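Peer 1: These are the residues of each chain, in order.
Number of protein chains: 2
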Amino acid sequence: MTQVYDRIALIGLGLIASSMYWAIKRAGLAGEVTGYARSEGTRDTARNIGLCDRVCDTAREAVEGADLVVLCVPVGAMEQVAQDIAPVLKAGATVSDVGSVKRSVISAVAPHLPDNVHFVPAHPLAGTEHSGPESGFAELYDNRWCIIVPAGGDTDPEAVTRLRSLWEGMGANVDQMDADHHDLVLAVTSHAPHLIAYTMVGVADDLRRVTDSEVIKYSAAGFRDFTRIAASDPTMWRDVFLTNKDATLEILGRFTEELFALQRAIRTGDGDHLFDYFTHTRAIRRGIIEAGQDTDAPDFGRGVPKT
Amino acid sequence: MTQVYDRIALIGLGLIASSMYWAIKRAGLAGEVTGYARSEGTRDTARNIGLCDRVCDTAREAVEGADLVVLCVPVGAMEQVAQDIAPVLKAGATVSDVGSVKRSVISAVAPHLPDNVHFVPAHPLAGTEHSGPESGFAELYDNRWCIIVPAGGDTDPEAVTRLRSLWEGMGANVDQMDADHHDLVLAVTSHAPHLIAYTMVGVADDLRRVTDSEVIKYSAAGFRDFTRIAASDPTMWRDVFLTNKDATLEILGRFTEELFALQRAIRTGDGDHLFDYFTHTRAIRRGIIEAGQDTDAPDFGRGVPKT
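Protein chains in written order, with the numbering used here: chain R, 14 to 320; chain G, 14 to 320.
Hints were generated in silico from the structure; no laboratory data involved.
Hints are not guaranteed to be accurate.
To be verified - Calculated pairs, DSS-like style, for lysine-lysine (alpha carbon to alpha carbon, straight line, at most 27 angstroms):
#1 G/K230 to R/K258
#2 R/K230 to G/K230
#3 R/K103 to R/K38
#4 G/K103 to G/K38
Computed from a predicted structure; not experimentally measured.
Given the sequences, and given the hints that come with them, work out the whole structure.
Peer 2: Spelled out as structure tokens, the structure:
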């Protein structure tokens with residue numbers, strides 16, 4: 014694989030950045046990768062596990078001379094980081110990010126950047142419920158989508174192409190769309206489902222007085238999958254909901270409407286309505302398997318649990 | 014492993030029964046296993062893939078001489094099957110089932126059974142989103158729970174012990190509880206989460222006009238897990254909701270309350286409320302990992318998707 018950037022700076026060293034580092038190294042996509050994390054403990058961990066070629070004690074030090082700077086901090090922290098690093102950005106450098114929300118990141122970051130850098134926001138649709146510098150792995154982006162969301166109509170095409178090459182080199186498929194559309198699609202496919210999973214797990218926990226530890230002990234498929242989703246990073250998700258408020262609330266409103274209709278079918282014993290609804294949703298699953306975004310293995314690919 | 018029953022009859026040959034067959038054979042738990050399915054196509058498939066030692070064309074033929082008869086049909090079909098086979102059940106035989114709801118199965122089945130058989134309902138907490146005779150595999154029950162729910166206080170302890178040995182021989186951990194308690198625990202851990210997943214997938218599908226095929230293309234973790242849950246067998250789930258109506262509606266009522274509180278926090282920008290809630294739900298996930306009911310692999314144990 015050809016080197017795409019001489020020097021890349023990763024600001025924030027959680028799951029996404031650490032997976033980027035291992036994927037960049039796997040394919041030799043950069044000459045040097047510097048890293049910075051706000052917490053000293055995270056920086057120490059990164060140094061201990063060999064995460065980044067050089068871990069710096071300030072964000073400014075990390076971005077100095079970098080051809081690409083990727084903001085991998087929670088959406089709510091992007092503005093402050095942008096303000097901090099703006100004065101030392103190299104002329105002609107590209108600034109990107111990995112935030113799950115794009116409209117508000119663009120509003121927060123763009124005004125602080127000098128005119129001589131390219132701002133090319135992006136969002137890799139990949140993750141696990143784990144967080145922190147030790148949670149990353151090189152394969153995270155393999156065959157996953159990364160959506161590039163140019164901040165304005167005048168974005169330099171060459172800067173976009175180069176960022177695209179980086180993500181493709183890390184294993185991802187790359188697509189491009191505008192910020193508002195991105196935020197709506199993600200509200201449906203990710204943000205609303207996460208809030209719903211968090212809610213259901215919270216309800217189950219309330220019931221623990223009634224059901225003792227049985228909720229955990231007998232966590233069947235269904236609840237078990239919800240708990241995995243609801244174990245995602247709290248800071249990241251708080252920021253997602255606060256910054257993609259309108260689209261998330263719209264989808265949740267539609268969700269509640271549908272849920273009430275199904276509850277009514279249960280209450281009135283309308284089996285046909287339930288059967289038709291469940292038959293229909295099954296077809297959507299088929300589409301996702303065909304799109305290569307999940308495995309169809311009979312055991313979910315999880316393998317046989319150790320006894 | 015020692016043989017537990019001379020002859021076992023499996024009525025209904027879907028995911029649960031076919032997995033039972035392979036697990037019984039793996040451990041040599043029965044002398045002969047007969048099988049029956051209502052559809053001729055299913056019986057043909059079973060014969061072609063060697064599912065069951067003998068596939069019979071009627072339920073009566075399959076249960077004749079059986080020491081254990083397991084009803085593996087949807088909950089809504091149990092009563093009719095019980096009525097049908099009652100006259101030919103062997104004296105001293107045990108009748109069991111694998112239904113996801115227990116109170117209504119007991120009410121539907123018990124009145125039809127002769128006094129000289131033992132009725133010992135059970136529910137293995139295991140499954141995948143696949144259905145049909147070809148979806149089974151011997152490992153499905155390994156380290157999963159099977160809950161035995163004796164139909165009345167006067168159930169023969171020896172019949173319970175024997176059924177317990179069978180499930181343990183198939184790899185399961187066995188526990189015992191009463192029907193109402195079972196139905197409440199399952200409403201929390203399985204039934205309500207399934208309805209919620211079905212609902213969210215339905216909402217996403219409605220939005221396809223807006224978002225084109227992007228909902229499928231960009232299905233991030235979150236929605237992707239929901240679609241897996243929402244791909245489960247429609248007949249089975251229709252029957253579950255209709256027969257565990259009260260407990261499911263109660264849990265859904267609590268769910269809606271919580272969801273409204275979180276929506277309000279989003280609307281008012283109450284980040285602390287969201288953060289605290291999400292931090293709390295994360296701990297529950299930890300409990301499930303520790304209980305050995307899911308894997309903690311960073312990639313969910315799914316392995317690297319094929320490109």
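Peer 1: All hints are to be evaluated individually against the structure, with a verdict given for each.
Peer 2: The hints, checked one at a time:
1. Distance restraint check for G/K230 and R/K258: the Cα-Cα separation of roughly 23 angstroms lies within the 27 angstroms cut-off, and the hinted pair is therefore satisfied.
2. Pair hint R/K230 plus G/K230 does not hold up; C-alpha atoms about 35 angstroms apart against a cutoff of 27 angstroms.
3. Distance restraint check for R/K103 and R/K38: the Cα-Cα separation of roughly 23 angstroms lies within the 27 angstroms cut-off, and the hinted pair is therefore satisfied.
4. Note on G/K103 and G/K38: the hinted pairing holds, with a Cα-Cα distance of about 23 angstroms set against a maximum of 27 angstroms.
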